[in-house]
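Peer 1: Going line by line, the protein sequences match chains A and B. Our numbering puts the last residue of the first sequence at 277; the count rises by one with no breaks. Our numbering puts the last residue of the second sequence at 1417; the count rises by one with no breaks.
Don't read these hints as lab results, they were simulated from the structure. Any given hint might turn out to be false.
Unchecked claim - Only pairs whose alpha carbons sit at most 27 Å apart, straight line, appear in this in silico DSS-like list of lysine-lysine:
id : chain 1 : residue 1 : chain 2 : residue 2
1  : B       : K1231     : A       : K268
2  : A       : K268      : B       : K1028
3  : B       : K1358     : A       : K34
4  : B       : K1406     : B       : K1328
5  : B       : K1229     : A       : K268
6  : B       : K1328     : B       : K1304
7  : A       : K57       : A       : K34
8  : B       : K1358     : B       : K1229
9  : A       : K242      : A       : K60
10 : B       : K1406     : A       : K268
All figures in this text were calculated on a predicted structure; none of them were measured in a lab.
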Amino acid sequence: MPAMLRRPLYLFTALALALTLAGPSNAADPHPAKEVDFSFEGPFGKFDRAQLQRGYKVYKEVCAACHSMRLLNFRNLAEEGGPGFTEEQVRALAATFQAQDGPDESGEMFTRPALPSDPFPSPFANEQAARAANGGAYPTDLSLITKARAGWPGTFRQLVNGLGGSEYVYSVLTGYEPPPAALAAEQPPGRSYNPYFAAGHWIGMPPPLSDGQVTFDDGAPNTVADMARDVAAFLAWAAEPKLEARKALGFQVVIYLIVLSVLLYLCKERLWSRIDH
Amino acid sequence: MSEHTVYQPKSALGRWFEERLPVIGFTKTHVLDYPTPKNLNYWWTFGGILTTMLAIQIISGITLAMHYTPHTSMAFESVEHIMRDVNYGWLIRYIHSNGASMFFIAVYIHMFRGMYYGSYKAPREVLWMIGVLIYLVMMATGFLGYVLPWGQMSFWGAKVITNLFSAIPFIGEPLVTWLWGGFSVDNPTLNRFYSLHYLLPFVLAGLVVLHIWALHVPGNGNPTGVSVKSKQDVVAFHPYYTLKDGFALVVFLLFFALFVFYAPNYMGHAINSEPANPLSTPAHIVPEWYYLPFYAILRGIPHKLLGVIAMFGSIFLLFALPWLDTSKVRSGAYRPIFKQFFWIFVAVCIGLGYLGSKPPEGGYVVAARILTAYYFLHFLVILPLIGLLEKPKPLPTSISDAVLAKNSRRLAAQPAE
């Protein structure tokens, strides 16, 4: 047998190395999101209640003008593991909105002050109305936005750093910049340049935040970066409201399984030592 | 293989029952006293792990079905209702969605173990073929299940995969319309996918029974590939393997739990958290990771029908594996050349998986074609040839001899005190 055939593994390794050419990189791919440290990351991460409350305020005063959050109800704001509003605060907050109800006894729909059990109101009646009001662009629902977008690609990086959805939101909100000279000529009307935006560089949303735009009740700093970080954290909670319960239960489960596996291993070793194996 | 013991009920009631339904004796013979080679390594624990995974998927899936609504206008919201409002709904759903990935991790290890140790060779050909059938039904079940949350990738994945059938000459188009229950992937499609996704796991359970039956006729293979020759070669399944498998199972569950609790969305696609939209195609339509090697084969071939044939052929080829491998030696441990080609084959499968996740352009397509060609070469040319050309290492005379030889080597390696 020829020497080559006796060592096919070496031959293969050489071939594999030769074939592992860097893949073509696509110029239209968005920039990987900026790194941000959030309190809810890592195995023991928890949401920062004050940050979620600030983030909700940014959503309510800025984002909610165009973006719905259909999956959220006011009651969620008082639930465990969330922004930590009290039941009374949520009732008062909900009452500042109007909700449609009915039909009443005469068959008419009517509006009443919203209750904690009502969903967050949507700014537009339907997608067509939203597009008509936003130059053809559709402001996407934000209920799951931090789960629906990955901040960066990479099988390994996503395993270590997470999917980066909150970082993606932060990066888009802080990522507006003048278009590079080469692209400036093709800027579509009503669009802004944002290299972090997932659907191509030209984003339909004008820069939504400006320094000092939202005044926080706790007097926290309110630069664009601060507000972007707070609202990204709020949206992360909205997408994954059971995150704290999940991580807490996970710790107990993992400890339990480690102890059980050690016990089983010791039993198994003891048992098998009785026979030649 | 001779049975170790015959069940003798001690009580009159026990005898009365056993004469009418010998289920206790059956359990004793086939579960407790079942003679098992004593040299099985941890690669042999994945059969038990897979059975457990099937049970976990069925139990979590039935629970999800209590809260899920298979309608295009409500499916996505009902899944979010499970995640947000059902007690521990997030846990059940993350167990089920990550459980599918864990199931496939385990089945791939189980299959590669079978390939390395020649578990498909006589007299276990039927056992292997039932296994391939189980794998096929698993793939169908996983695909159907991924459609149910009705996210963007659910919808577009369903569209791409069902569209493959349109490549069949003459009947392709009507067949796809029949599969969809309409002229597009829509509510009838979702309804029937849900129905079939509920059905197939029970088909799987039935096939698993046949798989285990076919295993218990010749008995387990083992890392030496030498058949069991005496009572010295075997131990009772319980407690020896219930404990060893149990330990491996708990370690596997630990790995599973790390994903469920700390990276529950890692195995999925972010874009599936967006509701299905038939008017907006995602930039990259990619199936779940466990289908990626076959997706790479499909896209690597420039002709649609040939691509579909190659993709299905790459799986159906496994049915013929017992006859494609011409070597009489079962275990790869005694086959120096085969062993190297085995690891190349593993690397090629992983490489195809990587390429399946990349956009079908430039160097990726070229590489996918080369690896596809190699995949088929491995089965159709390399395996038959090395069986004829290779000179295997001498086999141990029995399992006990192999175990004793290993132990004396281990003792010799330890420094004398």
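Peer 1: Checked against the structure, which of the hints given earlier come out wrong?
Peer 2: Hint check: 6 and 8 fail, others pass.
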